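As a plain string of letters, each chain reads:
There are 2 protein chains.
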Amino acid sequence: MENPVTVEVTRGKLVESRHRGMAVVVDGDGKVVFSAGEIEAPTFPRSACKAMQALPLVESGAADAYGFGARELALACSSHSGEDEHAALAASMLKRAGRDESVLECGAHWSFEQPALIHQARTLDKPSALHNNCSGKHSGFVCACCHSGWEPKGYSTYDHPLQAEIRAIMEDLTGAALTHDNCGTDGCSIPTYAVPLVGLARGFARMATGKGLEPVRAAASKRLIEACMAEPFYVAGTKRFCTRLMEVAPGRIFAKTGAEGVFCALLPQQGLSFAVKCEDGASRAAESMIAALLARHFDPGSPEREALLAMANHSMRNWNGLHVGDVRVTDVLFS
Amino acid sequence: MENPVTVEVTRGKLVESRHRGMAVVVDGDGKVVFSAGEIEAPTFPRSACKAMQALPLVESGAADAYGFGARELALACSSHSGEDEHAALAASMLKRAGRDESVLECGAHWSFEQPALIHQARTLDKPSALHNNCSGKHSGFVCACCHSGWEPKGYSTYDHPLQAEIRAIMEDLTGAALTHDNCGTDGCSIPTYAVPLVGLARGFARMATGKGLEPVRAAASKRLIEACMAEPFYVAGTKRFCTRLMEVAPGRIFAKTGAEGVFCALLPQQGLSFAVKCEDGASRAAESMIAALLARHFDPGSPEREALLAMANHSMRNWNGLHVGDVRVTDVLFS
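So the sequence lines, in the order shown, correspond to chains A and B.
Numbering-wise (numbering that gives the first Met the number 0), the first sequence opens with residue 0 and increments by one.
Numbering-wise (numbering that gives the first Met the number 0), the second sequence opens with residue 0 and increments by one.
Each hint can be trusted.
For chains that are exact copies, the list does not tell them apart, and a pair is met inside one copy or across any two.
Calculated pairs, DSSO-like style, for lysine-lysine (alpha carbon to alpha carbon, straight line, at most 30 Å): (1) K125 x K94; (2) K238 x K125; (3) K12 x K152; (4) K210 x K221; (5) K221 x K94; (6) K125 x K152; (7) K210 x K30.
Hints were generated in silico from the structure; no laboratory data involved.
What you are looking at is a predicted structure, and each value in this text was computed from that prediction instead of being measured.
Between the sequences and the hints, there should be enough to build the whole structure, so can you do that?
Structure representation (structure tokens):
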């Protein structure tokens with residue numbers, strides 16, 4: 000099976016580049032209500048599944064013990080831009096557990112976002128692990144370990160009890176077996192497991208509905224999803240696509256991106272779960288795809304639908320502000 | 000016709016993302032000696048054809064009148080990183096023509112390269128048009144206009160005599176008709192024309208060999224290509240792929256990238272011309288493709304071939320330096 004062209008990039012009157020991709024929407028019972036492309040092929044969710052990876056933080060009682068509210072939980076599910084607020088909140092999470100950034104195993108990098116990077120360059124000698132886009136997730140990991148009585152050192156490795164627990168959680172949610180065979184190493188050094196895109200969508204549907212989950216897991220899932228929707232800045236950052244998507248319909252859209260062209264989203268009230276992957280790994284295509292799929296589920300003419308369609312199909316301007324072309328989704332996503 | 004998968008990106012034991020592309024190699028007579036994918040489809044060369052666009056600067060006598068050497072000519076063909084040396088040289092080119100940056104029509108942007116951007120953020124309030132990656136090309140345009148007695152204002156527009164001359168040059172070189180129908184606007188506001196990839200390759204082959212060109216054009220072409228090979232830093236910048244490719248075999252490889260996954264290259268002594276386009280616009284794929292195609296034409300076991308293959312197929316490391324996967328070309332490029 001081939002992945003269809005889902006996004007085109009035009010220039011003048013011509014298509015300059017095109018992206019292929021896979022996409023799936025499942026309902027609250029996990030039934031596929033829309034699909035395109037290889038939705039059964041193993042796909043690394045990368046950071047798109049951070050809300051799943053944050054479950055031990057809540058299920059263990061660590062989040063309550065350390066007094067975490069929606070912001071801390073959102074940051075634990077985030078791929079943030081390394082803005083001052085993100086780094087400061089990660090530091091404060093670690094402090095609640097009596098730790099500091101030296102315990103983080105994610106490595107350090109400058110922000111991927113130009114305005115944030117310019118600010119960092121002007122205020123920092125160099126970035127620390129707190130500025131890593133995954134520092135919130137890692138801080139959550141450390142807090143879960145400390146509260147559970149596990150030595151945090153090595154928390155990022157396959158055999159650490161935290162990663163074993165995350166593996167069990169993700170098997171429970173996605174229905175896929177996770178082993179060394181479908182395991183890769185993520186940018187922040189933790190294991191990432193390739194699962195069918197439809198399994199990833201079903202896992203998020205379970206998080207939204209709680210169907211088939213133990214009560215503690217169902218409650219923790221609901222709390223994490225609601226935290227992200229309540230604090231979208233802490234899930235990504237200024238002008239980031241995840242943040243903007245969730246701001247379209249506050250409290251009604253959950254969205255999370257992952258590297259290499261992955262995007263997951265939920266309309267929790269409708270029990271609908273969305274997952275897309277751009278075959279070539281392009282974020283611009285994954286963004287258009289997820290926005291277009293979400294738009295279908297808002298009323299024609301509604302501000303939410305119009306806002307989502309404007310994020311799916313948008314013009315490109317050059318350094319002088321001239322319109323040079325468009326990014327647009329193909330009919331595949333509206334069939 | 001479909002474009003084949005030419006580059007794969009792996010993680011762990013799996014392929015995480017894949018890129019499709021088209022590629023063509025022609026000999027000094029313009030004969031296709033290798034091809035893959037849609038090489039007759041209209042393709043915007045974008046910045047890959049800057050050496051063609053720089054011909055009026057040399058052919059008009061402006062380059063000699065203003066005393067330009069290899070560095071200035073290389074910068075006129077460049078997509079540079081906005082490093083201090085690039086901006087300073089563009090300013091000095093304009094000064095020779097009695098102009099300054101206020102005449103540039105390319106717009107301003109921060110560097111696309113992280114180290115250069117960090118340096119800019121720490122030393123500039125904001126970037127000027129001199130830091131635009133196209134400022135060398137635009138400075139060359141202004142110099143060509145001034146020497147030719149054309150008012151530079153509007154030099155970036157379709158109907159300006161400079162763009163009309165560039166259009167005629169590119170038709171001569173590529174064999175394609177250039178009109179409003181296949182014209183788009185480039186990032187720096189000048190017209191860009193979609194031509195078959197094989198036509199682009201033939202155009203560069205003519206620049207390398209001079210075959211079928213007027214003597215003035217043949218000489219100017221040779222001078223520009225040699226200037227780029229002599230000053231690869233001024234064609235791109237520190238650690239940039241174009242610069243690194245040309246440093247593999249000094250004076251024997253010409254290479255130039257373009258936005259949306261285009262790359263052109265020459266082995267001038269062999270009269271071989273290479274052009275690739277990644278269907279989805281990814282630079283990482285275009286880079287691997289062009290390096291792999293070039294490698295085939297160096298002796299097995301030679302340092303040049305090994306260096307090029309190492310640029311085509313390379314490992315990816317995360318923030319902690321762990322090996323997480325590889326970028327590798329497929330057999331399509333070695334068939």
